[in-house]
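> Residues per chain are reported as follows:
Number of protein chains: 2
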Amino acid sequence: DLITIPQNLAYWESIHTDIDSHLKKSIQIREPISVFEPMHHFTFTPPKTTASALCVAACEVVGGNREDAVVAASAIHLMYASIYTHNLLLETVRVGSESGPGIENLHKFGSNIELLTSDGIVPFAFELLAGSGNDSGRTLQVVIEIAKAVGAQGMVAGEDDGVEAEKLGGEVARQLHGCGAACGAIMGGGTLEEIERLKRYGVYVGKIEGVLSDEGKDEGVKVELVERLRGLALKELECFDGKKIQQISSIVGV
Amino acid sequence: DLITIPQNLAYWESIHTDIDSHLKKSIQIREPISVFEPMHHFTFTPPKTTASALCVAACEVVGGNREDAVVAASAIHLMYASIYTHNLLLETVRVGSESGPGIENLHKFGSNIELLTSDGIVPFAFELLAGSGNDSGRTLQVVIEIAKAVGAQGMVAGEDDGVEAEKLGGEVARQLHGCGAACGAIMGGGTLEEIERLKRYGVYVGKIEGVLSDEGKDEGVKVELVERLRGLALKELECFDGKKIQQISSIVGV
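If you read the sequences in order, they're chains Z and S. Letter by letter, the first sequence follows residues 10 to 263 in this note's numbering. Letter by letter, the second sequence follows residues 10 to 263 in this note's numbering.
A few of these clues could be false.
The list cannot tell twin chains apart, which means a pair is met if one copy fits it or any two copies do.
[Stated by the list, open to error] 27 angstroms max Cα-Cα, derived BS3-like pairs, lysine-lysine:
(1) Lys231 / Lys216
(2) Lys33 / Lys157
(3) Lys216 / Lys252
(4) Lys57 / Lys216
(5) Lys157 / Lys117
If you are wondering where the hints come from, they were derived from the structure by calculation, not from laboratory data.
For reference, chain Z alone in the conformation it holds in the complex:
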C-alpha cells in the first residue's frame, strides 16, 4: 500500500490505553443492567478513533499533563461512539434488512436499544466531563466545544437528504478531530492561538483519514491530496517547540 502512514505507534497506543482504562472505570456494567450493558457494548465496540487520541496529544503539546485531558478524551470517544451507533442503525434502515451474514454480531441489541443508547450516551458524556474534578473554567470551555461539534453542526450535515447515512456520520465524526485537539489544548492550558492552531491541525487529520478511507478514489489522486493536507496540517504546528511536536505530528506520518 503506497500511502500507509507510518506512525509512532507506541505513543498512540499508550494514549488509547489510558482513555480505555478511564472509560472502563466510568462505564461499568451495573444497575440498571438494561441501560449499562448496551452502553458498555456500544462504548467499546466501535474501532478506536484518533479524535480522542488527538485530545491527549494536544494537551501534551501545550505543556499540560496527560491526566488533565483523559476525561475530555473519554467524552470525545463517547460522542464518536454515539455517532457510530446511530450510523449502524441508519445503515440497517437504509439497507432495509436486519438479516444477512454476520448481522447478528453487528446487532447484538434491537434497534430501539440502539437508538436509546446512542441518544443516552450524549448526556452521559457531559455528566462525565462535568464531574471530572479538573479545572472548572477549562471544563466548561470543553463542554461548549463538544456541544458545538455534536449539536448544530451535526444538524447541518444531517439535514441534507442526499447524503448517505455513512457519509453523514463520517462528516460529523470528522468534526470531532478538530474538537478533540481543541479540547486537549484547552485542558492543557494552551493560549487562544495554540487552541485555534491545534483545532485546525485536528481538522486536517480528520480530512486525511477521510481521504484514506474513501475506497472510491483513485490511488494517485489520494496520494496527492494527502500530501497537500499533510503540508497544511504541519504548517499549523510551526509555532510550537520542535521537540514537542514530534509525537503529535507522527499521526500524519512525519
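Fit chain S to the supplied structure of chain Z, relying on the hints for placement.
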C-alpha cells in the same frame, strides 16, 4: 372543576416571561437558517412547563437571585422541548399517519427535521449552560443534574416497549420537575439538604401534574391522590423560612 389548583399567577408568569426572554435572545433565527428556524419553532411551540419555573422559584427560596437561575431554567425548558418534539414524532409513527385534521399545523417540518432538531437541542442546552458566565462550580453541578435526568433515567423509562410514547414522554418530563428544582437550589447556593428537599418537592409537583392530566382516572380518586401528594410536597418545605415558601408553594395551591 373540583381540583383546579389556584396559583399565585403573577409570580409564575413573571418567571415564564424572564425565561422566555432569555431563550429569545439565545435562539434567534440566524444562519444556518435551516437549523435555527426549526430549533426556534420547537423551542417555542411546546406549552409552558412548570419544571423550568420551579428552577427559578427554588433559587429564590434558598436566597439566590433570579438572574443566577434563568440560564439553568432555560436549559431545563430546552430539554423539555426536546422530549416534547421527540414525542410528537413518536406519536406520528404510532398513529402511522401524517395526515388528518390539523396535522399540518402540528408538523410544520418533516419527521427528519423533527428528529434532528430534538436531538440537536440537547447539546445546545449544555452549550448555553456552560457559556452562562455564572459560577463555574455550580454550573458544572447543574450540568450533571440535567445530564442525569435526560440520560440513563430516560433510557430506563424508554426501554419498556409496553409504555406508549406519550406516557414515556410524561415520565421523563416528570424527572425534569425534580431536576429543575434541584438546579435552581444549586444555582442559588443552597445547602446539600436544601437541594435534596427541593428536588423531592419538584418530583411531587411533577407527580401531581401527572395525576391531574390523567384523563382516564376517576375524579374522586384524583382528588384524594393529589391531596396526599400535596401533603408530602409541603412537608419538604418545612425547613424553610415560612415567608420564603409562600411563592413556591403556591404551585400546589397553598
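> Which hint numbers does the structure go against, in order from smallest to largest?
Nothing - there is no hint that the structure violates, so all of them hold.
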